[in-house]
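Colleague: Chains as they are written, first to last, in this note's numbering: chain A, 1 to 75; chain B, 1 to 614.
Just to be clear, a hint being listed does not mean it is correct.
What the hints assert, rightly or not - Mimicking DSSO-like on lysine-lysine, the simulated pairs with C-alpha atoms at most 30 Å apart in a straight line are: (1) Lys-465(B) with Lys-516(B); (2) Lys-269(B) with Lys-52(A); (3) Lys-516(B) with Lys-612(B); (4) Lys-128(B) with Lys-2(A); (5) Lys-152(B) with Lys-16(B); (6) Lys-52(A) with Lys-140(B); (7) Lys-40(B) with Lys-52(A); (8) Lys-128(B) with Lys-196(B); (9) Lys-206(B) with Lys-16(B); (10) Lys-203(B) with Lys-20(B); (11) Lys-2(A) with Lys-451(B); (12) Lys-607(B) with Lys-584(B); (13) Lys-217(B) with Lys-196(B); (14) Lys-203(B) with Lys-225(B); (15) Lys-152(B) with Lys-2(A); (16) Lys-516(B) with Lys-562(B); (17) Lys-152(B) with Lys-128(B); (18) Lys-16(B) with Lys-203(B); (19) Lys-562(B) with Lys-40(B); (20) Lys-52(A) with Lys-155(B); (21) Lys-225(B) with Lys-128(B); (22) Lys-196(B) with Lys-155(B); (23) Lys-52(A) with Lys-20(B); (24) Lys-152(B) with Lys-140(B).
What the hints assert, rightly or not - To spell it out: a stretch of chain B is covered by chain A in this simulated footprint if at least three of its residues, at any positions, have a beta carbon under 8 Å from a beta carbon of chain A; those stretches are: (25) 144-152; (26) 244-256.
Just so you know, these hints were derived from the structure itself, not from any lab. These numbers come from a predicted model, not from an experiment. Just so it is clear, CB atoms sit at the ideal spot from N, CA and C, and this is done for glycine as well.
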Amino acid sequence: MKITIKLIGPFIYTAGFSEREFETSEPTTVEGLLGLVGIGQDRPRIVTRNGKAVGRLDELRDGDRVVIAPVYSGG
Amino acid sequence: MNGWTGNILRVDLTTKTYRKETFSEEFAKKWIGGRGFALKILWDELKPGIDPLGPENKFIVALGPIAGIPAPNTGKAVVAAKSPITGGYGDGNLGTRVSEHLRKAGYDVLIVEGRAASPTYLYIEDDKVGFLPADEVWGKGTYDTNDWIYAKYGKGVGVLNIGQGGENMVLYAMVRSLEGRAGGRPGMGAVMGSKKLKAIVVKGTKTIPVADPEQMKAIGTGDLKKVRAIDKESGWSIQSTTGVLAWCNEVAALPVRNFRKTQHPDAWKIDGERLNDARIATYGCPNCTMHCGITIRDREGRESELDYENIGLLGANLEIFDLDQVGSLNYLCDDYGIDTISAGCSLSFYADAIEHGATTGDFRFGDAERAKELLGLAARREGELGNLLADGTLRMARRFGHGSEAYAMQVKGLEVAAYNCKFIPGMALAFGTSPIGAHHKEAWVITFELKQTARDSYGREKAEKVVELQRIRGGLFEFMVACRFPWVELGWDLKNYPIYFNKATGLDWTLDDFWKVSDRIYALMKFFWAREIPGWDRTRDYPPMAWFDPANADTEGPIAGKVLELDKYNELLDHFYDIRGWDKRGIPTRKTAESLDLADEAGEVEKYTRLKLG
């Protein structure tokens with residue numbers, strides 16, 4: 001299963017990359033993915049899949065584009 | 001009275017006279033400062049229907065009880081006047097040393113009246129005011145003007161100034177300060193220009209009255225360090241506000257091609273990552289904990305300080321994806337002293353109108369070099385085209401006709417900031433109900449809409465969130481006069497603000513005490529509109545009609561085929577009015593006015609429109 005992860009803002013510098021394709025044989029949830037990229041569960045964030053918000057226990061599917069962003073509040 | 005100096009400096013440019021006035025503790029507690037002071041003074045002193053660019057308008061600089069005191073992000077000032085672009089109450093805030101110096105000179109408010117006979121700048125030093133000639137810099141940009149002032153008085157003074165945009169009364173001309181600070185989107189710079197007021201320079205040497213100076217200093221300076229540490233740990237300042245660009249592109253909220261599209265494959269070329277890589281300097285405001293002014297070298301080799309709004313409107317929305325070219329457009333706006341949001345929207349509207357046959361011309365999306373020329377024409381009001389562009393999108397649309405008003409991206413005459421809400425109902429409501437036109441500073445609910453509720457919901461929870469944010473952002477931070485960023489972006493606890501307020505004033509207020517002041521200010525801003533515009537109705541709280549047009553829907557991506565629905569938007573607006581205690585026209589009821597201690601103001605507005613009882 002291939003998943004593209006796009007990180008936003010400061011998360012880029014936490015994880016050390018901006019966008020990367022991950023390949024996994026196991027079913028993965030949003031929570032599992034966060035662990036994979038090294039973003040702590042305590043960091044406020046908003047996760048979207050293909051442009052739409054998802055919850056932390058949602059399972060990801062092959063070809064998903066997952067975007068992990070801090071909870072911006074619009075300057 | 002502690003916290004407040006209790007003094008207003010009133011300056012008349014026509015007669016070259018000035019006087020110190022005092023205000024009561026009751027006035028201070030009722031309006032707190034900043035936006036509250038400015039609004040109440042303009043309400044009391046401006047005759048309805050006056051020309052915003054005539055000598056009878058008043059330009060106000062207003063500060064709050066913690067302004068200029070060392071504490072997180074207190075180096076800001078509110079500038080206000082009747083707006084030439086909207087015709088309603090207008091204001092903005094900007095980082096400036098005027099905040100500290102005006103308070104140290106002994107004033108919380110500066111009111112500038114009349115019109116100078118020739119270009120003038122004010123030099124205020126404690127109790128003295130000088131009316132000095134500015135002919136030497138009239139016609140020059142804000143950078144040269146700032147340098148000219150620094151050469152005379154040193155870099156430590158407080159300065160507010162305007163560029164050619166303000167002088168020529170471009171309706172979206174701004175007030176500028178420091179290296180890259182700007183404020184007053186609804187034409188506050190044009191009001192200065194109409195008075196032939198090139199700059200205000202302030203030097204104060206007194207002590208700001210504080211009830212508990214030792215505690216205030218200990219808490220304020222301690223918290224400055226704490227917030228700086230939080231920022232460093234979170235990494236927010238690495239991209240500052242520009243981090244949001246890539247996110248808006250991912251979730252289909254980016255303004256592209258005059259807001260007709262919400263995403264673009266080249267958006268990455270101008271995002272926060274690229275900006276951080278190109279950074280040559282970083283600037284911030286006095287007492288700043290999280291400097292957001294990322295500066296790059298523009299195409300012509302000049303320093304240009306960018307934030308998200310600049311890049312969104314001068315870049316993506318014009319389909320210009322060369323960062324240094326966006327930097328050039330931004331530099332020109334800053335030097336001319338015109339608002340990057342309205343300037344960007346005016347250019348994108350012009351390109352769109354040409355493309356849709358509403359007018360003719362040679363400007364196309366993506367043409368950065370022509371965009372530079374057009375900004376110059378607008379700032380100088382050169383020729384018919386310059387004058388058109390200088391008046392903003394609504395007036396341009398009324399000239400062009402052919403239904404172009406639907407895609408003039410503005411509310412109440414003020415252009416929309418860089419969030420494309422064609423399918424974000426709550427944020428569309430935030431723009432629609434922003435009391436000075438489509439400004440993002442009052443409420444910002446996009447992440448709430450995506451994370452804590454459904455994007456397609458028009459439910460009451462979104463109206464509740466908009467009101468909650470207006471109370472904090474457009475209320476608390478605007479009357480306290482402090483930057484909202486520590487709370488907005490780093491989660492710095494709001495409960496710190498009554499602590500600062502109480503240490504400064506000696507009062508014992510809680511956050512709940514502030515919300516009533518916020519609601520009072522929002523109600524009076526609406527009364528201001530109702531008094532100025534007979535027959536006020538709810539359609540003036542609508543976002544641009546392009547967002548409701550199915551023909552304007554995205555054809556691909558996460559919101560393909562979706563646009564806002566007017567019936568549902570009206571339901572959302574009803575929720576908003578109901579929460580606020582306003583009638584179906586969007587005007588506060590008499591009962592609401594009385595509950596907010598605005599009975600006298602209600603009586604005044606009833607000379608112009610009948611209030612519902614509530």
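Colleague: Please flag the earlier hints that this structure goes against, numbers listed from lowest up.
Modeller: Violated: hints 4, 6, 7, 13, 15, 16, 19, 20, 21, 23 and 25.
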